Amino acid sequence: MGKGRPFLEIFTYVFHEDYRFPILEIFAFLFALATFVFADFAGGYDRTGETMAYSLVNTLCEFPLMFIFVVLILKNVAYGLGSDLDRGLMQTLFSYPLKRRHILTARLLSGLGIAVLLFLGIQIFGLFLLAPDTLATYSSTVFLTYAAHLCSPALLLAGLLLLLTLRLKRGGLALIIGVILFLAGLIFSGEVTYIAYATDSDVILKIWAVINPNSALQAYYYHMGTSGFLFGGETWVPSFSEVLLYLWAGYLIVAVLFIVSYIYFDRRLEI
Amino acid sequence: MRWITLLWRIGTVALAIGLALLVAWLIPSSAEYPYRVSRHIEPEQYMFRESEVYSPQNGLQISMNATDEVRVYLLGVSSLELDNWKALLREAYLDSESPDSESPDSESPDWVSPDMETFFIEFYPVPLLFFHEAYPEQPLPDLFNPETQSMVWNITVLDKGLETHPEIILWDPPPGSMFSHELFPEDVLNIMAVVANPSSDTVEVDVEIKKVVAVAPKDRIIFPAQLLISIGIGLTIVWLFSRKFRKSIF
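Going line by line, the protein sequences match chains A and B.
The C-terminal residue of the first sequence carries number 271 in my numbering, and the numbering is unbroken.
The C-terminal residue of the second sequence carries number 250 in my numbering, and the numbering is unbroken.
No lab work stands behind these hints: they were computed from the structure.
Some hints here could point you the wrong way.
[To be verified] If you only want the chain B side, here are some residues facing chain A, beta carbon under 10 Å, derived:
no.	residue
1	Leu7
2	Arg36
3	Gln57
4	Asp187
[To be verified] Among the chain A residues that face chain B by a calculated CB cut under 8 Å, a handful are:
no.	residue
5	Asp133
6	Phe240
7	Leu244
Everything numeric in this text was worked out from a predicted model, so none of it was measured.
The C-beta atom is built at its ideal place from N, Cα and C for all residues, glycine as well.
Using the sequences and the accompanying hints, generate a full structural model.
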């Protein structure tokens with residue numbers, strides 16, 4: 001028996017656990033309907049081209065929709081994995097002729113991969129129905145905006161919670177911490193500009209842009225072609241290459257979190 | 001059996017997405033107060049309704065009645081393109097060293113005051129661009145002056161403009177005297193209505209334009225909704241039959 005079959009067995013089991021009927025269907029319904037309800041073109045009326053495309057995708061990746069998506073990911077990654085560890089099901093999975101890292105890959109492929117595919121697939125399909133010209137003309141802007149929003153909060157929280165779940169071996173607590181972190185990030189992102197203005201320094205904006213690359217992308221698009229004025233003073237406006245750099249930095253942090261989680265799961269996790 | 005179960009889950013997801021599209025389709029659209037205009041169009045002239053911004057969720061309903069056969073167009077230009085055209089017109093008319101712009105006391109009938117120049121370019125960039133492309137040597141005309149109107153609003157100017165910029169035509173029905181249409185653009189666009197009178201008689205037209213706000217353009221989502229619901233139901237039936245078949249064997 002090759003490695004493919006046990007991997008598929010585990011993937012099927014995890015998929016069945018993560019998406020019991022009708023969980024997947026409810027999330028698909030919510031993503032599809034919310035794409036049309038929350039799409040906001042009004043922000044694009046005084047903007048043109050790329051800025052309008054950014055503004056449109058940004059409205060689709062903000063609070064209600066992103067929160068639903070993050071809840072789905074955290075439910076799968078933190079609660080699902082935590083329950084397996086808590087109930088001793090992981091020991092059964094370890095009895096399969098597979099390396100530990102492949103077992104974690106199967107879990108992440110189901111919990112994270114399917115969720116990302118569902119979220120992006122439905123949103124891009126919805127955008128294609130709504131505004132095909134915008135999607136075709138500004139596809140690179142659409143791609144960058146989704147990449148920034150996926151990096152943080154979605155993948156960053158997933159990586160953090162994965163590590164936390166492996167340490168705590170309890171999914172419920174990790175899930176609560178994840179939701180609190182998401183809401184804290186939401187509140188802080190609203191305050192970061194005021195802090196920068198009050199301290200008269202853009203260092204805080206740059207640090208925040210590493211954790212949340214979308215803030216760099218937002219500063220770039222909303223102040224495109226201007227020197228960037230806010231509250232009567234000059235504000236930080238990154239160049240396009242700087243935006244890409246912050247995006248790479250964000251994904252680097254995500255990659256480090258996942259690599260550490262893999263190493264911990266592979267070598268240090270005791271059951 | 002696993003493949004059948006997988007197909008069933010794909011089917012139920014397709015069904016869920018289809019139902020979401022159906023709900024979006026069922027959410028009623030609301031129309032704002034209509035803009036109405038009744039006027040006559042001279043033979044071989046056209047009229048132009050100033051542009052407004054519309055989006056895929058903010059469309060327009062146009063209905064029109066005319067006493068004779070007319071041609072109707074809905075034209076759409078992006079804000080970026082419109083800004084480029086305005087810049088081109090400013091460069092052509094305001095920065096030019098034409099005798100008219102140098103001599104404000106000129107008795108020339110098509111002389112336009114500086115304030116009006118800016119007004120025309122700001123609010124009528126499309127007809128002015130068409131005019132400029134048809135008569136590149138002419139100075140900026142007064143759009144409201146009866147002496148220059150016949151030249152500016154001539155149907156040949158419109159035809160030449162549309163021939164040069166066919167990409168801006170969003171709706172071009174066959175000539176007639178009654179029209180009704182709903183349009184949701186595929187991008188955020190400045191949309192303008194144009195009515196042209198190709199006949200040799202004056203035509204009376206009544207135009208009504210309403211802004212329509214909808215969650216999604218109904219004509220674009222109904223087909224995908226039907227398709228996804230059909231696929232979902234089809235795959236669920238296959239799964240149900242295969243379950244029944246397995247139960248009858250074992």
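Worksheet item: Quick one, is the Asp133(A) hint okay against chain B at 8 Å, beta carbons?
Response: holds, 4 Å
Worksheet item: Regarding the hint that Arg36(B) lies at the interface with chain A, is the smallest CB-CB distance below 10 Å?
Response: violated, 24 Å
Worksheet item: Does Phe240(A) pass the interface hint, meaning its C-beta sits closer than 8 Å to a C-beta of chain B?
Response: Interface hint status for Phe240(A): violated (18 Å vs cutoff 8 Å).
Fill in: Hint validity - Leu7(B) Cβ closer than 10 Å to any chain A Cβ
violated, 14 Å
Discussion item. So, as I understand it, the hint says Leu244(A) touches chain B; can you test that by seeing if any CB pair is closer than 8 Å?
Written reply: For Leu244(A), the interface hint is violated, since the closest Cβ of chain B sits about 24 Å away, which is over 8 Å.
Fill in: Minimum beta-carbon distance criterion (10 Å), Gln57(B) to chain A
Because about 6 Å separates Gln57(B) from the closest Cβ in chain A, which is inside the 10 Å limit, the hint holds.
Worksheet entry | Asp187(B) as chain A interface residue, shortest Cβ-Cβ below 10 Å | Asp187(B) check passes; min Cβ-Cβ to chain A is 4 Å, inside 10 Å.
In the structure shown, a violation is registered for the earlier hints numbered 1, 2, 6 and 7, in ascending order.
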